[in-house]
Amino acid sequence: MRVRLSAEILRNELVRKIEEISGEDLLKCYQCGKCAAGCPAAFAMDMLPSQVIRFAQLGLVEEVLDSETPWFCAACQTCYARCPKGVDLSRIMEAIREIVLQEKGDYIDLSTLSPDDLAEFPQQAFIAGFRKYTA
Amino acid sequence: MKISYFPGCTLNTTAKGFDNSLRASAQVLGVELAELPEWNCCGATFPLLADNVLDLAGPARVLIAAREAGERLAVACTTCYNVLRRTNLALSTHEDKREKLNFFIEAEYPGDLQVLDVLQVLRDEVGFDRIAQMVKRPLTGLKAAAYYGCMVLRPAAEVAYDDPENPRALDDLLVALGAETVDYPHKNECCGAYLAVKSPETTAGMTYTILSSAQKNGARLMVTNCPLCQFNLDKQQVEMGRRHAGYRPIPVFYFAQLLGVALGLETDDFGWEKHYIDPRTVLEAFAGG
Chain A
61 MRVRLSAEIL
71 RNELVRKIEE
81 ISGEDLLKCY
91 QCGKCAAGCP
101 AAFAMDMLPS
111 QVIRFAQLGL
121 VEEVLDSETP
131 WFCAACQTCY
141 ARCPKGVDLS
151 RIMEAIREIV
161 LQEKGDYIDL
171 STLSPDDLAE
181 FPQQAFIAGF
191 RKYTA
Chain B
30 MKISYFPGCT
40 LNTTAKGFDN
50 SLRASAQVLG
60 VELAELPEWN
70 CCGATFPLLA
80 DNVLDLAGPA
90 RVLIAAREAG
100 ERLAVACTTC
110 YNVLRRTNLA
120 LSTHEDKREK
130 LNFFIEAEYP
140 GDLQVLDVLQ
150 VLRDEVGFDR
160 IAQMVKRPLT
170 GLKAAAYYGC
180 MVLRPAAEVA
190 YDDPENPRAL
200 DDLLVALGAE
210 TVDYPHKNEC
220 CGAYLAVKSP
230 ETTAGMTYTI
240 LSSAQKNGAR
250 LMVTNCPLCQ
260 FNLDKQQVEM
270 GRRHAGYRPI
280 PVFYFAQLLG
290 VALGLETDDF
300 GWEKHYIDPR
310 TVLEAFAGG
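First to last, the protein sequences are chains A and B.
In terms of this note's numbering, the first sequence is residues 61 to 195.
In terms of this note's numbering, the second sequence is residues 30 to 318.
Hints may contain errors.
The list that follows gives simulated cross-link-like pairs (lysine-lysine, BS3-like), each with its CA atoms no further than 25 angstroms apart [said to hold, decoys possible]:
hint, chain 1, residue 1, chain 2, residue 2
1, A, K94, A, K145
2, B, K227, B, K303
3, B, K31, B, K165
4, B, K45, B, K165
5, B, K45, B, K31
6, B, K126, A, K77
7, A, K77, A, K145
8, A, K77, B, K303
9, A, K164, B, K129
Residues from chain B that keep clear of chain A, each with C-beta distances beyond 12 angstroms, as calculated [what the hints assert, rightly or not]:
hint, residue
10, T39
11, V57
12, P66
13, R96
14, E97
15, K129
16, M269
17, R271
18, A274
19, Y276
20, D307
Here are a few chain B residues that face chain A, going by a calculated C-beta distance under 10 angstroms [claimed, not checked]:
hint, residue
21, T74
22, F75
23, Q162
24, A222
25, M235
26, P256
Source of the hints: derived by calculation from the structure; they are not laboratory data.
Remember, it's a predicted structure, so these values are computed and weren't measured experimentally.
Backbone N, C-alpha and C fix where the C-beta goes; we use that ideal spot for every residue, glycine too.
Just chain A, same shape as in the assembly (with noise of 0.2 angstroms):
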């Protein structure tokens, strides 16, 4: 893939507004890959967690809003557990989230959730997840 880099894209305001609702700095990471290594729910995404960061530090963060990653996250922190340079990558994808679900509305449409799983999940399910995929 080309990719054509200038300071106006790499520090572009989206990747600012990604960094200040996270609070994490993107350019600590240095692309050791532990993170993707260990996620468990790797199989099902699109891109990899280290990818992710690596295409918002720099700049691509239109592909990272595109991609169906940060909603396969289910925030276990392995991925913090891991990384040697300490960055919480999953408070990056709960900003990236963030900025989806505001500029899109709800990302999963609860009204087609079957009666069989309302009475079956676990509150705990239902309450994370709607805090997860909801606006």
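Given the structure of chain A, go ahead and fit chain B onto it with the hints provided.
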């Protein structure tokens, strides 16, 4: 010993058996779990935004009520434990957040409550040695995989009371009850948590990794401390055989259920009927052998 108790929403519904078995066992062990008279939802997930003050108001309200009742709070649901403990730490260490929250909910709470997981209370205050002495029906012959999930381990600096990469508390309790525990590399790996709401297929993949790893190492049952892990590990097995030929489901217990069994308690209200993979078959085999 009397200690304030926060069960959490799920222990009032799908995990009622966890609540019942825990309360009954604690009573026999001399621990009075005094449920907070008025409590609200913890929020079910710790808010990860840098500016999360408003999201901390709910759990902060619980902490304040608990501090009025005493110095310590025992929490049963591990998600609630995680959220309440991290909120308490945010309050005690961030002056800015503490001032804003206290102003918002009209309180003067400094963050000086001790938030404990019930398993931690059993380990550190009752003692597994003492529990072992009180066992009436040892779980001899049961080969269990202790599964810890995420919430009592990560982030370690904020919530862990055990080695986050190689936790022992559940294993040690099960050994004290007479069971055998197996070593396997996925005891602290995420089950998928709330992903089940959005993508059950992903949960199916994640739980299969954990369950097959435990079984390869000889486990015939899983034992957990988290109502959402229990649900995911248990329910996903119903159809696991369709994706993975030859897969044989194993029951997923709460540790408190096995504690109650080992203490010789009446188990009728331990919620067995809410399980997808009936745990009673394992217990019956064990009773017969």
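The hints, checked one at a time:
Distance hint between K94/A and K145/A is fulfilled; the C-alpha atoms sit about 11 angstroms from each other, no more than 25 angstroms. Taken as a hint, the K227/B and K303/B pair is honoured in the structure, with Cα atoms around 22 angstroms apart against an allowance of 25 angstroms. This hinted pair checks out: K31/B and K165/B have alpha carbons roughly 24 angstroms apart, not beyond 25 angstroms. As the CA atoms of K45/B and K165/B are separated by approximately 24 angstroms, the hinted pair is consistent with the 25 angstroms bound.
Restraint check: the Cα-Cα separation between K45/B and K31/B comes to about 21 angstroms, which is no more than 25 angstroms; the hinted pair holds. In summary, the hint linking K126/B to K77/A is supported, as the alpha carbons are separated by about 21 angstroms, within the 25 angstroms threshold. Under the criterion of a C-alpha separation no larger than 25 angstroms, the hint pairing K77/A with K145/A is consistent with the structure, at around 21 angstroms. Taking the CA atoms of K77/A and K303/B, the gap is near 45 angstroms; set against the 25 angstroms cutoff, the hint is violated.
In summary, the hint linking K164/A to K129/B is not supported, as the alpha carbons are separated by about 30 angstroms, beyond the 25 angstroms threshold. Residue placement check: T39/B does not keep its beta carbon more than 12 angstroms from all beta carbons of chain A (closest about 4 angstroms). Annotated as non-interface, V57/B keeps its C-beta farther than 12 angstroms from every C-beta of chain A; the closest such distance is 27 angstroms. No beta-carbon of chain A is positioned within 12 angstroms of the beta-carbon of P66/B; the least distance is around 20 angstroms.
Against the 12 angstroms criterion, R96/B stays outside the reach of chain A, whose nearest CB is about 23 angstroms from its own CB. At roughly 25 angstroms from the closest C-beta of chain A, the C-beta of E97/B stays outside 12 angstroms, upholding its exclusion from the interface. At roughly 16 angstroms from the closest C-beta of chain A, the C-beta of K129/B stays outside 12 angstroms, upholding its exclusion from the interface. Under the 12 angstroms C-beta cut-off, the non-interface status given to M269/B relative to chain A holds; the minimum distance is some 16 angstroms.
Chain A leaves R271/B outside its interface by the beta-carbon criterion, the shortest separation being 18 angstroms against a cut-off of 12 angstroms. The beta carbon of A274/B is kept farther than 12 angstroms from every beta carbon of chain A, the shortest such distance being approximately 19 angstroms. Distance to chain A confirms Y276/B as a non-interface residue, since its nearest Cβ pair spans about 18 angstroms, more than 12 angstroms. Here D307/B stays apart from chain A, with its beta-carbon at least about 16 angstroms from theirs, past the 12 angstroms limit.
With 10 angstroms as the threshold, the beta carbon of T74/B comes within range of chain A, its nearest partner Cβ sitting at about 4 angstroms, so the hint holds. A distance limit of 10 angstroms between C-beta atoms decides the matter here; for F75/B the minimum to chain A is near 8 angstroms, and the interface restraint holds. At its closest, the beta carbon of Q162/B sits 34 angstroms from a beta carbon of chain A; the interface hint therefore is violated under the 10 angstroms criterion. Hint on A222/B holds. Least Cβ distance to chain A is approximately 4 angstroms, under the 10 angstroms limit.
For M235/B, the interface hint holds, since its Cβ comes within 10 angstroms of a Cβ in chain A; the closest pair sits about 5 angstroms apart. Interface hint at P256/B: satisfied, since its Cβ lies 5 angstroms from the closest Cβ of chain A, which is below the 10 angstroms cut-off.
Going down the numbered hints, you'll see the structure goes against 8, 9, 10, 23, while the others check out.
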